[in-house]
Amino acid sequence: MSNQQTVEPTQVVEVETIDSVPEDLESRRRFLAKFGSAVFAGLMAPAVLSKEFTPPVEAAEASPSRRFPDVPVRLPPAIELDEESSVIDRMLADLRRALEKRQRGEKVRFGMAVDLQKCTGCRACTVACKAENVTPPEVSYNVVLEQEVGTYPNVRRVFMYKPCLQCGNPPCTPVCPVGATWKREEDGIVVIDYDKCIGCRYCLTACPYGSRFIDLGKSYTDPLQPYEQIASPEYGENRVRATGQSPVGNARKCHFCLHRIYQGMLPACVETCIGRAIHFGDLDDPESLVSELIAKRPHIRLKEELGTDPSVYYLL
Amino acid sequence: MERQNRLLVSLGWTVLLVVTAVGLGAVVIRAVRGLGVTNLNYIVPWGLWVAFYIYFIGLSAGSFLLSTLIYVFGYKKLEPIGRLALFSALIALLAGLFFVLIDLGHMERFWTVFKNRNWWSVLEIEIHFYVLYIIVLLAELWLLMRQDLIRCAQQGTDWRARLCGILTLGSRDLSEASAARDWRIVRILGLLGIPIAIGVHGGTGAIFAVVKARPLWYGPLFPIIFIVSALASGAALLTFLLAFFAGRGLDPEQRRDLVITLGRLTVGFLLFDLLLIWSEFSVGIYGGIPEHVEVLRLIMFGPFWWVFWLVQLLFGAIIPIFLVLWPPTGRDPRVVGLAGLMVVIGIVGVRLNIVIPALNLPVLPGFHEAYTMLPAPTQVVPALTETQIRTVTWLVVLAAIVTLGIVAAIAWAERTGRPAYRQALGVAAMVSLFFFVLLLVLRVAGTSAALGVSVADLTRTPIGGVFGRTEVRSYYTPSLNEWLSSMGLIGLSIFLFVVGYQVLPLETHEGH
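Protein chains in written order, with our numbering: chain C, 1 to 316; chain L, 1 to 512.
Think of the hints as simulated: they come from the structure by calculation, not from any bench. Being a predicted model, the structure only gives us computed values, none of them experimental. Any given hint could be a false lead.
[To be verified] Not everything, but these chain L residues come out facing chain C in the computed CB check (under 8 angstroms):
#1 G34
#2 L35
#3 W46
#4 R214
#5 L359
#6 F367
#7 Y371
Backbone N, C-alpha and C fix where the C-beta goes; we use that ideal spot for every residue, glycine too.
Hey, can you work out the whole structure from these sequences and the hints?
Okay, here's the thing in structure tokens:
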């Protein structure tokens, strides 16, 4: 309790600028306690609480069947599309439509179309993801697979960005002994409840795509630098890693930056991709960019024969 | 002689206690520092501990199924080991559960499996099987010991009698009728226990068999292999226990007969197990699906080829089968008991080869290079050179051959009837066996990443050329903590077993 009180004065000012502050005192207490537990509270709080990383606060309230983020959804700005519009604008418009559908209570199915011709193998997506989700060593929600094809002089490198494929029929979720991971019906994203996960790693063995990782509690720096102790905005929960506390010891995976999507932002990897190779949107929306690309371009999905029905399409 | 024995026993206790204490220390370190003390990673997320988990669950299910031969199918010849079988099943199950526990990323949440439900998870179903299984085991054991516990409580006033008194749970009925009733209930429990025990280990196999991401695991044969190898290991464990520790009160001739029967039973299960392994490997290789063949090649010719050829096949199957079936050695209960021990150890190799190689193959081409945060094996400075490791490897082979030769010599000496040679050769066999185990340990320690040895250097192995080499490297070797924790938990289980054996009336003859 004393911890909360010492932190409160510095925090309140910041928090009050956020539009989604909980009204009742109790939930605000808990919200503050989350930040209060951070070692760097005084130093880093302003950065963490900047507008960009606003957590959907209600989501932090653990309900019996947790639905993160149980949002005050924030729509992306309405953009007038024309011939000149960028891919990003198009995807933001798609996202706006998808979120509007969600607000009406309709289901969406988020997916990706990755243009293998455009990927340069720069790995900005991997870096952006690490920065966004503050993932430790040996956890990387997306990776870029690399293969050399042919022999000199006819040789080229193929790069393949691979996040979690958010399977339509995921093999990783039914195996969980505590039901800590599931595919969300409303938007098709496979999530993990860190507070339920017991860290048995069955899901790591069950994923045919290597999209799940175990947080072994390792860190990049020793002594820990402040940037490793930033709260991760994942699932809008703002957890700071510490020994013995989730997500340390849990399975972790890509969630298409759920916390960003519902705040009207594209996943970090999509937004950062320098070649605009990664396209994100609602697969159930026939007018979305991803639907259009999948319909027009030849494509493959990984290990389709396993019946996993992945939501990530690779455009050839 | 008596004094020597006592010395040996106290030495055994000291070693056991030291190993257990050090090992449990490692468990504490693991509990405090988390999974970071292991060498597990995102490519091989299950390792030594999971291998030991399925090993002990298998031992348990095997012992239990053997006990049903007596209590359900009325195979009275084995009755003297009935309670021992049930008790070792109980302890082995506990050992298995210890290993699952320390393998969890959040140990403190283990109990939530009873709260957070996912009925479609094989692991969740298994946990329920384990609970039912423990209930059946405890009930059967109690019913079988009930009358002996009452007698034990009535006979003395010391702490053991008092303990017996508590364990009787207030039962005082020593009548024949009540004994007959106990037997009837045990029979029903045993009958219920059969599907449960099959569920316990077949289901443990199903944990792996349903994983379609791993071609080696995925398939209907896997749960069956688990059950058969469980039966083999259970029978082998009882053979060993009976030959060297249990059954003191039995008539020597009866005991010898029993050991040999159990030894033959073990061999029967082993041969069936070998048939299944043959089926698995030959069909897999014939099919030629790259992900499947690569894993099989990794098992046979990868960095840990010797686990398959030497531990699993030679030490754990071929030599024991030979020892039991060849009349000159198969008549000596001590040799048969030794064969049982060899099978019990060899099955560890089977379990390791089930868990690790299948995971070691990256799920997508290039996945292992895509993200380089794994400790790169090639950058580690070897503590032993490749030549040294290879030398040790060859010495292991040599020691195995020498052991085999000496055993053959014993048999020959017996046939020609020269008892003086027999004793000398017996000692030589023990020494040779000791060196074999020592060298194996060295080989393991030598390749352990804990000692900083590069496993990448080991991909080229002496017999790797037979079918061509596999270039897949190993992403996982157990860390020092994993080894020590395992030893600690195994030590603890042995300790529990010995204490239970000393205190509880597990021998049928007692009080009769």
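Hint check: 8 angstroms Cβ-Cβ cutoff, F367/L to chain C: holds, 5 angstroms
Cut-off 8 angstroms, beta-carbon criterion: hint that L35/L touches chain C: Since the shortest Cβ distance to chain C is 5 angstroms, the answer is holds.
Chain C contact restraint for L359/L - C-beta distance below 8 angstroms: With Cβ-Cβ at 6 angstroms, under 8 angstroms, it holds.
Y371/L as chain C interface residue, shortest Cβ-Cβ below 8 angstroms: The hint holds - Y371/L has a Cβ within 8 angstroms of chain C, the shortest such distance being about 4 angstroms.
Interface hint outcome for R214/L [beta carbon to chain C under 8 angstroms]: Check passed: Cβ of R214/L comes within 7 angstroms of chain C, closer than 8 angstroms.
Minimum beta-carbon distance criterion (8 angstroms), W46/L to chain C: With a closest approach of 6 angstroms, the W46/L hint holds.
When the least beta-carbon distance from G34/L to chain C is tested against 8 angstroms, hint result: Since the shortest Cβ distance to chain C is 4 angstroms, the answer is holds.
Checked against the numbered hints above, the structure breaks none of them.
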